[in-house]
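Asks: Given chain S, put chain W in place with the hints provided.
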Amino acid sequence: MIPLAAVLAVPLAAALLLALIADYRLSARINIAASLLAFAGSLSFLFHRPAPGALFLIDDLNVVFIVLNTFVGFTTSLFSAGYIGHELESGKLTAGYLRFYHAMFQVMLFGMNLALVAANIGLMWVAVELATLSTVMMVGIYRTHAAIEAAWKYFILGSVGIALALFGTILVYLAAHPVIGSGAAGMLWTVLLAHAKDFDPALLDTAFVFLLLGYGTKVGLVPMHAWLPDAHAEGPTPISAVLSGLLLNVALYALLRFKILLAACPGAIAPGPLMIALGLVSTLLAALMLYRRRDIKRLFAYSSIEQMGIIVFAFGMAGPLGNLAGLLQMTMHSLTKSAIFFSVGHVAQVKGTQRIAEMGGLTESHPLLGWTLVAGVVAIAGLPPFGIFTSEFLIVSSSFSHAPLLAALLVLGLLVAFGALLLRLGGLAFGPVRGAVGPVRASSAPIFAHLALVLLAGLWLPPPLVAWFRHAASLLG
Amino acid sequence: MGLGFDIAHMLAGLMVLASFLLLYQDRLPALINVLRLHGFILALAVAWQAYIQSAPHLYIAAVIALAVKALVIPGALDRIVDRLGIHREVETVGGIGPTMLAGMALVALSLRVMLPITAHADPVSRQDIALALSVVLIGLLIMVTRRNAVGQVAGFLSLENGIDLAAAGARGMPLVVELSVAFSVLIAFIVIGIFLFRIRERFDTVDLAALESFRGERQ
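In order, the protein sequence lines correspond to chains S and W. So the first sequence is numbered by this note's numbering: it starts at 1 and just counts up by one. So the second sequence is numbered by this note's numbering: it starts at 1 and just counts up by one.
There may be inaccurate statements among the hints.
SDA-like mimics (lysine to any residue), calculated; alpha carbons at most 25 Å apart, straight line [as the list claims (entries may be wrong)]:
no., chain 1, residue 1, chain 2, residue 2
1, S, Lys197, W, Pro123
2, S, Lys197, W, Leu115
3, S, Lys92, W, Phe197
4, S, Lys92, W, Thr205
5, S, Lys197, W, Asp122
6, S, Lys92, W, Arg200
7, S, Lys197, S, Ile180
8, S, Lys197, S, Ile260
9, S, Lys197, W, Pro174
10, S, Lys92, W, Arg198
11, S, Lys92, W, Asp204
12, S, Lys92, S, Asp23
13, S, Lys197, W, Gly172
14, S, Lys92, S, Leu20
15, S, Lys92, W, Ala210
16, S, Lys92, W, Ile190
17, S, Lys197, W, Val113
18, S, Lys197, W, Pro116
19, S, Lys92, W, Gly193
20, S, Lys92, S, Leu26
21, S, Lys197, W, His120
22, S, Lys92, S, Ala348
23, S, Lys92, W, Phe203
24, S, Lys92, W, Arg202
25, S, Lys92, W, Val191
26, S, Lys197, W, Arg126
27, S, Lys197, W, Ala119
28, S, Lys92, W, Glu201
29, S, Lys92, S, Gly438
30, S, Lys92, S, Arg143
31, S, Lys92, S, Gly352
32, S, Lys197, S, Ala264
33, S, Lys92, W, Phe195
Here are the simulated distance ranges between beta carbons [to be verified]:
no., chain 1, residue 1, chain 2, residue 2, range
34, S, Lys197, W, Gly2, 28 to 38 Å
35, W, Glu201, S, Glu89, 17 to 27 Å
36, S, Leu455, W, Val63, 50 to 60 Å
37, W, Ala108, S, Leu459, 52 to 62 Å
38, W, Ala119, S, Leu459, 51 to 61 Å
39, W, Ala119, S, Leu422, 47 to 57 Å
40, S, Lys197, W, Gly97, 47 to 57 Å
These aren't lab readings, by the way, just hints derived from the structure by calculation. A quick note: this is a predicted structure, and the numbers were derived from the prediction, not measured. Heads up, the beta-carbon is just placed ideally off N, CA and C, and yes, glycines get one too.
Bound conformation, chain S alone:
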């Protein structure tokens, strides 16, 4: 029970504590310590897992998500400690808001962890809602016109998505009711999965449509993606990193769980084609939209939509290889994208703007920052030797064998996005120096940690890790 407490009770207790502490330096440290504890707790799940109960369930699938979630949560708290000091100096945030910010950070981590370990589909829904509402508050924290507009849009679209997901959840319960009977048992993953073969397929199909639209909104799939770029661009950068790196994954995890349920019911529709279609559309449209971006955080927000499209495509293709590639791509994307947002946060603070036109020649003016940004963008564009190359190669090669046309479309999306990213990178990192050239005082350790992991995964995947991912992928059917 102790690791579970570290993952759930620590963030909750830290949130309460942080709400009381006025000194932002102290609260940044407490924030880091709490996130580290949660990460340590999640690591212990690798060796020992609590037995599945009525509320919590840890299995081979969600362990991948939990470890990733708490790790990126921890590194983001490190990055955030350096970032917020600058925001306070530049007067964008006041001490009171920082107190709120730190408390909300932990509430958000609590919500995401709870969604990942929940054994009950109702509890999972509540946790996703909690994580959504806390991020809405964070996106609007600067109280500028644009931030309020972004937060309102995120709130309205996110809430509608979440509400549709709840309707889908009720329909799943209704489909299970004739088989399992009344009570909380009808909402437990383990029980649902064991009886899924006897569920009413038509009801389950309809439920999945609602769940796909609902949780798909939170994954950022086109055409429900409208909230995502605004929310990424107008909130504090640590939140952009957490949104892209973690919250999208949490919604994806919920979707995957229901996909497993559908796959276990013989009469139900195959969820694969629906996911492939949404994934492909997201990849292609987001890749095209990358060309028109003038704001650096929006640029990478659209790249997140593109990446989530690729991941959903991979899970839609399914099969042992498709699922393995999807999991790998998701992990690599979380690590790379949050590293990119960390660098972007430093860049935007130095330049005092997010407009791409007002920044340039970063490798010359800030060699360390510039080159880490180059490495991050090269990685996210899918070039070797980084891990995303490996996973994208796996996705394309595994889908070419049974759906060459779809694979070709995906490759087209990848190439279009690749072109856009490198085009923008050219101006950002090389060429004449533009914009302010003040020093960067924050630590780059979290960026290095993430990029090193992505590089390592591209060069050599440790066999135990592969075995672990392969097993998790086999659960996805």
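Replies: Frame of chain S; chain W shown alone:
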């Protein structure tokens, strides 16, 4: 079958009717009053479900619905409208005729979709779910047709009421779920309240057209 079912269906039907009323209200205080009515009918419908399902825990859900959806939230909305001084604002809802037609089409759609697929489900749940889906879809339509932030919020809250109706109709749904849903709606509402004041503070209006001028990427 019999009277118990008929009353359950009547109450669910009344909720759909109240949703239609919401659809064309163009003054905010009237909109909030209809929302209050919506909440009352929901509480009645949930209480009736508690009676016919002999599920005592649903009475608690009904009391919560009455307190949160019929009293606290509409009351708070009233005060917000008062404090923002926007109770005289009239908003354009779009043509009433086309909107009502679209609403009717949504009801037809949800009956057409839900009734066949729930053929094997519990007969009480069956029609309740179909009507609840109508309320959800009309709630979405309200949100789409409104230009005013308070109007959108009303649409969102009626959508949540529809989901509550569906949850009450699903026999044996654990109370924990309803409790936590009510709780999250309350939290969501607090977030809404905060943002309504912020929007007002920044934009001097809660007309969302003002927000849109800031949309996307500024040059």
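Asks: Hint by hint, say whether it matches the structure.
Replies: Evaluation of the provided hints:
no.	hint	verdict
1	S:Lys197 - W:Pro123	holds (22 Å)
2	S:Lys197 - W:Leu115	holds (22 Å)
3	S:Lys92 - W:Phe197	holds (20 Å)
4	S:Lys92 - W:Thr205	holds (24 Å)
5	S:Lys197 - W:Asp122	holds (19 Å)
6	S:Lys92 - W:Arg200	holds (20 Å)
7	S:Lys197 - S:Ile180	holds (12 Å)
8	S:Lys197 - S:Ile260	holds (12 Å)
9	S:Lys197 - W:Pro174	holds (23 Å)
10	S:Lys92 - W:Arg198	holds (16 Å)
11	S:Lys92 - W:Asp204	holds (21 Å)
12	S:Lys92 - S:Asp23	holds (17 Å)
13	S:Lys197 - W:Gly172	holds (21 Å)
14	S:Lys92 - S:Leu20	holds (21 Å)
15	S:Lys92 - W:Ala210	holds (23 Å)
16	S:Lys92 - W:Ile190	holds (24 Å)
17	S:Lys197 - W:Val113	holds (23 Å)
18	S:Lys197 - W:Pro116	holds (20 Å)
19	S:Lys92 - W:Gly193	holds (23 Å)
20	S:Lys92 - S:Leu26	holds (20 Å)
21	S:Lys197 - W:His120	holds (15 Å)
22	S:Lys92 - S:Ala348	holds (13 Å)
23	S:Lys92 - W:Phe203	holds (19 Å)
24	S:Lys92 - W:Arg202	holds (16 Å)
25	S:Lys92 - W:Val191	holds (21 Å)
26	S:Lys197 - W:Arg126	holds (22 Å)
27	S:Lys197 - W:Ala119	holds (18 Å)
28	S:Lys92 - W:Glu201	holds (17 Å)
29	S:Lys92 - S:Gly438	holds (18 Å)
30	S:Lys92 - S:Arg143	holds (9 Å)
31	S:Lys92 - S:Gly352	holds (11 Å)
32	S:Lys197 - S:Ala264	holds (6 Å)
33	S:Lys92 - W:Phe195	holds (18 Å)
34	S:Lys197 - W:Gly2: 28 to 38 Å	holds (35 Å)
35	W:Glu201 - S:Glu89: 17 to 27 Å	holds (25 Å)
36	S:Leu455 - W:Val63: 50 to 60 Å	holds (58 Å)
37	W:Ala108 - S:Leu459: 52 to 62 Å	holds (59 Å)
38	W:Ala119 - S:Leu459: 51 to 61 Å	holds (57 Å)
39	W:Ala119 - S:Leu422: 47 to 57 Å	holds (55 Å)
40	S:Lys197 - W:Gly97: 47 to 57 Å	holds (49 Å)
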